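Below, each chain spelled out in residue letters.
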Amino acid sequence: MRKILLYGNPNVGKSVIFSRLTGVRVTVSNYPGTTISYTRGFMKVGEEMVEVIDVPGAYTLEPTCEAEKIALQMLGTGDIVINVVNAINLERNLYLTLQLLEKNIPVIVALNLWDDTRHRGIHIDLDKLRGLLGVPAVPTVALTGEGIKELVETIPRATSPSLSARSSSERWATVGNIIDQVQRITHRHHTRIERLEDASVKPLTGGLIAAVVLVIAFLVIRLIGESLIGYVFDPLFDNLWAPVVLNLSHLMGGGGFLHDIVVGSAIGGQIDFVSSFGLLTSGLYVPFAMVLPYIISFYLVLGLLEDIGYLPRLAILLDTFMHRLGLHGYAIIPTLLGFGCNVPAVMATRILESKRERFIAATLVSVAVPCAALQAMIFGLVGQQGGQYVAIVYGTLFIVWIILGVILNRTLRGFSPELLIEVPPYRLPVGRAVLQKLLMRIRGFLKEAIPIILGAVVVINMLYYFGVFDAIASFTAPVVTTLLGLPKEAVTALLVGFLRKDVAMGMLAPLALSANQLVVGSVVLAMFFPCIATFVVFIRELGVMNTLKAAGIMIAGALLTGGILNLIL
Amino acid sequence: MDDRRLTTLARMQPGESGVVAQFRGGRGKAKRLNALGIVPGKRVTKVSSMLMRGPVTIEVDRVQVAIGFGMANRLIVDLG
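Chains as they are written, first to last, in this note's numbering: chain A, 1 to 569; chain B, 1 to 80.
One or more of the hints may lead you astray.
Claimed, not checked - Here are the computed lysine to aspartate or glutamate pairs in the DMTMM-like style, where the Cα-Cα straight-line distance is at most 25 Å:
#1 B:Lys29 x A:Glu62
#2 A:Lys103 x A:Asp115
#3 A:Lys103 x A:Glu170
#4 A:Lys447 x A:Asp234
#5 A:Lys355 x A:Glu170
#6 B:Lys42 x A:Asp470
#7 B:Lys42 x A:Glu102
#8 B:Lys42 x A:Asp180
#9 B:Lys31 x A:Glu91
Stated by the list, open to error - Examples of chain A residues toward chain B, derived with CB under 8 Å:
#10 Thr60
#11 Glu62
#12 Glu91
#13 Leu163
#14 Ser164
#15 Ser168
#16 Glu170
#17 Asp319
#18 His328
#19 Val400
#20 Glu422
Simulated from the structure, these hints should not be mistaken for lab results. Just so it is clear, the structure is predicted and the values come from calculations on it, not from any experiment. Note that the Cβ used here is the ideal one computed from N, Cα and C, for glycine as well.
All chains should be modelled from the sequences, with the hints used to inform the complete structure.
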C-alpha cells in the first residue's frame, strides 16, 4: 500500500488536515510540538486505499531535536509528501519545502491557515508560487475543511522536481527570491488581540496575566469538578445505584468470599462506596464519581488553554525560574500535562532538546506532579479533614519539586539548553474542536483506567482473603509505622499505588487515619513510585537504566519526605 | 569604520527593529536559529524581554519567537 506523509513546521495544522483526510481523531493544540510521535490512518485516493501518516512537526530535515530526527527517518518510508505550510509565514515554511523538493519524492503543498492571510494583509500569487516551486499548491483552511476536497483531488498530480541539494544559505536566498516574487504585504495596525499577545510576554503585565489565568483555571476546575460530583454523580450513585447494590447484597447472603469481591465488606452494616471495596461499590464509585468529574473539568480547562495558545507564553515567563531546576521554560508543558496524567507527560518530554533535560523533567513529573485521578482522591479524602491539609499536601509536593530539581541540576553532568520556541498567535478556541479533544481524553481515561481499577479490586480482595497483605504488612511494619507513623495496613495501599494511585488512595479510607496521617499517606503515595502505566512509558522513553535511577530517587525521596512530615506535623 | 550601529538582541529596547548581522555562538545553536529563519539579513523587531536575564521575544516575518538570554546576547543586530 502506498504511503502519504504529512510534513510541515510545528503548529501549522498538520494534525487537523490528517483528521480531515482520514477521519482519525488526534490531539490538536495551538502550540508547537503537540504531535510527538506519528499517527497513521487510511484514506481513499480515487479507487486506491492509501496509508496516511501524520509526521511530527519539523523546521528542517537537518535535525535539531528528537521530533525532527523522527521526521527525517520517516521520509524514506513514504511514497508521496503533503507539505503543509503556514500561509501567513511562507518565509520560514518554504525552507523545509525546498529541502523536501531536493529529495526524490513527489510533493504537493497545502497552504494552510489561508483564511488568516486576508485579514493579515498578506497577498500570495498562487500561480506564480506553483510555477516557482514546480509542484501543485492548494490553499486550505483545515479547521473548517475548506480546500480539503481540492487537496485530495490534487494528490495524483504530486511531482518531484528533484532539485539539486544546496547549502542552507543558498536555500534561504532562494526562499527570499520566491517571497519577493509571490508575496505582497499591505500594512495594517496592531489589533487588540495582538496587543494582548505582546502584553502576555512582558514582565509586569505578563506576570499579572499569568496569575489571573492560573487562579481562574484552578477555580473553574474546582467548581466544575465539585458541581459534577455534588449534583450529578453522587445523587446518581446514592439514589439509583445504592438500592440495587443493597438488594444484590441481600441476595448474596450479606457476606462471604464472592460477596466481598462483588459488593465488598459492609462498613458498620452499611454499604460505603469508598471503603467497602467491592467491584460494584468502590470499583465503580472511585473511577466514575470521584475521578471522572475532575478528569472532565481538568481536561476542559487545559484544552481551552492549549487551543488559545497560552502555554508557550507561560513557558517564557517561567524560563528563568525553570533554569534553576535544570530545565527551560518549555518544560512547563509536560509538567502541566502531568496534572492530568503522567503518561502523556513523560512522552511530552520529547519536546525538550537534551537527554539530561528529559530525565530531569520526567523524574520531576513522576515524583512531584500528582495526576488528576490522585488529585481527585486527595480532594475527596483529605479535603474532608479541611482545606489546610490539602494545602499542606500540595505545598510539600511543590517544595519537593523545587528542591529535587535544584539537586538534579547541580549533580547531573551537562547544562540545560536555552529556550528557543515559536510563540503561536492567540486563537479563539473552536467549541467543537475543544469538545472533541475532551471526549478523546475522557475515553482514553475510561479505557485505560476502568479495567485496571476493576482488576485491582479483585486482586486486592483475593490477596486480603489469602492473608498475603498481612504477611507483607508485618514484614514492612517497622518502616511504615516508625518512619511514616502510619498503621501497618497502609503498606498495602502503597503497594497498590503501583497499579493505580486512585485505588490506593481509596484503600486508605477504611483505615480511619488522622488528618496528619492522611497528609503523610497522600504525599508518600504521590512520590513513592509511578503507576505501572507511567513506569512502562518511562522505560520506553528513557531506557531501563534511567528508569531505575529515577525509581531510586522516588523511593528515597518519598521515605525522606514522609519521615520529615511525620516528625513536624 | 562604517555607519552601521551594531548591538545585541539582548541590549535592544522593546519596539526597536534591526537586521540580523551575525550569530556569535556555537554551531548547534546557530543551526536551531537557522531553522527558525533567524539568519543574517533578516529583519527582526524586539517585543519584550523578561527580567533577570530571561528570554527575549522577537517578531520575525510576522511570527513571534522566544529566544533564551544567552543566545540573544550573542545575536548581533544592525540597527541601521
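Consistency of the hints with the structure:
Proposed proximity of Lys29 (chain B) and Glu62 (chain A) is supported: the alpha carbons are some 13 Å apart, at most 25 Å. Our distance criterion of 25 Å between C-alpha atoms is broken by Lys103 (chain A) and Asp115 (chain A), whose separation comes to about 30 Å. Among the hinted pairs, Lys103 (chain A) with Glu170 (chain A) is consistent with the structure: their alpha-carbon atoms are about 16 Å apart, no more than 25 Å. Of the supplied pair hints, the one linking Lys447 (chain A) and Asp234 (chain A) holds, its CA atoms being roughly 22 Å apart against a limit of 25 Å.
Pair hint Lys355 (chain A) plus Glu170 (chain A) does not hold up; C-alpha atoms about 32 Å apart against a cutoff of 25 Å. Taking the CA atoms of Lys42 (chain B) and Asp470 (chain A), the gap is about 70 Å. The hint is violated against a cut of 25 Å. Pair hint Lys42 (chain B) plus Glu102 (chain A) holds up; C-alpha atoms about 24 Å apart against a cutoff of 25 Å. At roughly 14 Å between alpha-carbon atoms, Lys42 (chain B) and Asp180 (chain A) fall within 25 Å of each other, so this suggested pair holds.
For the hint linking Lys31 (chain B) to Glu91 (chain A), the alpha-carbon distance of about 17 Å falls within 25 Å, and the restraint holds. Below 8 Å, beta-carbon pairs count as interface contacts, and Thr60 (chain A) has one with chain B at about 4 Å; its hint therefore holds. Evaluation of the Glu62 (chain A) hint against chain B yields a held restraint, the C-beta minimum of about 7 Å falling below 8 Å. The beta carbon of Glu91 (chain A) comes within 4 Å of a beta carbon in chain B, closer than 8 Å, and the hint placing it at the interface holds.
Look at Leu163 (chain A): its Cβ only gets to about 19 Å from chain B, farther than 8 Å, so that hint breaks. Among the interface hints, the one on Ser164 (chain A) is violated; its C-beta lies about 20 Å from the nearest C-beta in chain B, farther than the 8 Å criterion. Interface restraint check: Ser168 (chain A) against chain B, minimum CB-CB distance 6 Å, threshold 8 Å, status holds. Residue-level restraint check for Glu170 (chain A) is violated (minimum Cβ-Cβ distance to chain B is 12 Å; threshold 8 Å).
Using the Cβ-Cβ criterion of 8 Å, the hint placing Asp319 (chain A) at the interface with chain B is satisfied: the shortest such distance is roughly 5 Å. Below 8 Å, beta-carbon pairs count as interface contacts, and His328 (chain A) has one with chain B at about 7 Å; its hint therefore holds. A distance limit of 8 Å between C-beta atoms decides the matter here; for Val400 (chain A) the minimum to chain B is near 24 Å, and the interface restraint is violated. Because the beta carbon of Glu422 (chain A) sits about 5 Å from the nearest beta carbon in chain B, less than 8 Å, this interface hint is met.
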